[in-house]
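Starting from the known structure of chain A, fit chain B onto it as the hints suggest.
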Amino acid sequence: MTLRIEIDNLAKHFGEIKAVDGVSFSVNKGEVLGFLGPNGAGKSTTMKMVTGFLTPTRGTVRVCGHDVLTDPIAVKANLGYLPEGAPAYADMTPDSFLKFIADIRGLSGAEKQRAVELAADRAQIKHVMFQPIETLSKGYKRRVGLAQAILHNPPVLILDEPTDGLDPNQKHEVRTLINDMAHDKAIIISTHILEEVHALCHRNVLIANGRIQFDGTPYELEAMSRYHNAVCLTVDNVADDSLAAFLNAQGYVAEIEALSGDRGFRVYPHKGQQITAELSQSIRDNGWQITSLHAENGRLDEVFRTITMGNQK
Amino acid sequence: MNMKNIWFIMKRELNGYFATPVAYVFIISFLLLTGFSTFFVGNFFERGEADLYPFFSIHPWIYILLIPAISMRLWSEERKSGSIELLMTLPVSVFEAVLGKFLAAWLFTGLALLLNFPLWITVNYLGSPDNGVIITGFLGSFLMAGGFLAIGACVSATTKNQVIAFVLSLIVSLIFVLSGYGIVLDFFSSWAPTALVNAISSFSFLTHFDAISKGVIDMRDLLYFASVILVWLFANAIVVNARKAD
Chain A
1 MTLRIEIDNL AKHFGEIKAV DGVSFSVNKG EVLGFLGPNG AGKSTTMKMV
51 TGFLTPTRGT VRVCGHDVLT DPIAVKANLG YLPEGAPAYA DMTPDSFLKF
101 IADIRGLSGA EKQRAVELAA DRAQIKHVMF QPIETLSKGY KRRVGLAQAI
151 LHNPPVLILD EPTDGLDPNQ KHEVRTLIND MAHDKAIIIS THILEEVHAL
201 CHRNVLIANG RIQFDGTPYE LEAMSRYHNA VCLTVDNVAD DSLAAFLNAQ
251 GYVAEIEALS GDRGFRVYPH KGQQITAELS QSIRDNGWQI TSLHAENGRL
301 DEVFRTITMG NQK
Chain B
1 MNMKNIWFIM KRELNGYFAT PVAYVFIISF LLLTGFSTFF VGNFFERGEA
51 DLYPFFSIHP WIYILLIPAI SMRLWSEERK SGSIELLMTL PVSVFEAVLG
101 KFLAAWLFTG LALLLNFPLW ITVNYLGSPD NGVIITGFLG SFLMAGGFLA
151 IGACVSATTK NQVIAFVLSL IVSLIFVLSG YGIVLDFFSS WAPTALVNAI
201 SSFSFLTHFD AISKGVIDMR DLLYFASVIL VWLFANAIVV NARKAD
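Keeping their order, the protein sequence lines are chains A and B.
If you count by the working numbering, then the first sequence holds residues 1 to 313, one letter each, in order.
If you count by the working numbering, then the second sequence holds residues 1 to 246, one letter each, in order.
Next comes chain A alone, as it looks inside the complex:
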């Protein structure tokens, strides 16, 4: 494993406001890190410091071994960055815009031509290459920004809300593109679209109020949910109250909850335990008929809310 991004005790204060307050994490080659958090949590500010756009109040950032404060040009040469809102030069066409980026990135001749074509191809903007960027839709603008970020095949990618404003098909394409590139890059993407946690990320950092609240795999994030491993079941040939009494009597059941609008119960295990097999066996032993049964993975939106709201109090 090669360490590509090292962030240590990073902070940014705007006067009294501590936008980012002591954030540390690192990203390896081959890893896609999902940067989660509510709006205003400090995601963009952190990314701006990693890319050298903002100067940190304290802390260090190293990209591919280069310190962003002492060697900003080397850091910038090693990363591709899609800023929030994908700004570009509106009066240029994607073609001239990407060629300008290629020039600055030190590409020339056939290499430059190839890089522009490949990036345009991967971002799927080939058919709008000669229209002024200001006339493009939000989705295309975002993809022009993405093409710009991946143009020089950088070892590190920082993407601030890469799928914002895209329709479901475009989102899928961008996710596929990121997954394709993941194996030889270190990627940080910020998002508040929770479905992307599974679709994209190998690891998540959840930030709220400028501090890291969680750092782990998507599975670990889900496991924090109270719904994690809970079992929803409906049983046919037994009255609700006798089923409830039976379930409450089982040692492995922590709590039960009647499902709203439907017959049946949600059965919570004690923390960290799997009860599906045991539960279905014991119900069948009673001669009852299970009509449906499924275990829940956990709900990310609930975890997200618990972590980010719980901290505001």
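Honestly, the hints are just simulated from the structure, not real lab data.
Please note that a few of the clues may not be correct.
Stated by the list, open to error - A short, non-exhaustive set of chain A residues, derived as facing chain B with CB atoms under 8 Å:
{"no.": "1", "residue": "Thr51"}
{"no.": "2", "residue": "Pro83"}
{"no.": "3", "residue": "Asp91"}
{"no.": "4", "residue": "Ile104"}
Cβ coordinates follow ideal geometry from the N, Cα and C atoms, glycine included.
What follows is chain B alone, placed relative to chain A:
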């Protein structure tokens, strides 16, 4: 400093002028204004002399009005659209970007200035002027335009609003011209010590441009404009660094 980066940024910026009507509107306004003032304000014919003094002497006033229109977009547009975040996270230094943008604006102004060549042909057709003086005049005017542009570029980095950038640049430029103007100097000379009056006067674009436009190349005048440009460009880089993320 990476010369290639300066070149690429300059090229992009220069193409930007011609991608919109800005370039054509500017060039036509500039030519109309210089032409009109040379003949009607400068009394080109009535003077009966084969030179372009009436043409050059009006330049400071035309620049005050038109240069801010060129410089206002240099940085404020970049800040407003957010593209400054893109530019400043590319592997270029702030000063490379400042210099690239300034050179683009300066070259563009130089082009507009050169398009006044029919006037030069006219004066050569009508009489036999000292073409050395005229070339010096063009050079001086170009240098002075650089001074105005450097002021405007720095001012445009302080705001996201192009109108504010225009008005502020106009005012600062006016101060740099008026400080050498008779009425202003008379106002000071009635009470201020001579040294101060001379200092104020020596700050003016007029004082330094007047000599050059008459064909007198004094090293001090050239140095003056060169240092005005450099000082304002350094200030420009500092302002960009401080305000880029606001």
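Does A:Ile104 hold up as a contact with chain B if the rule is Cβ-Cβ below 8 Å?
holds (5 Å)
Closer than 8 Å between Cβ atoms is the bar; does A:Pro83 clear it against chain B? Give me holds or violated.
At about 4 Å, which falls below the 8 Å cut-off, the nearest Cβ of chain B leaves the hint on A:Pro83 intact, so it holds.
Is the interface hint for A:Asp91 satisfied, with its Cβ closer than 8 Å to some Cβ of chain B?
holds (5 Å)
Min Cβ distance, A:Thr51 to chain B: is it shorter than 8 Å?
holds (5 Å)
When held up to the earlier numbered hints, the structure conflicts with none and fits them all.
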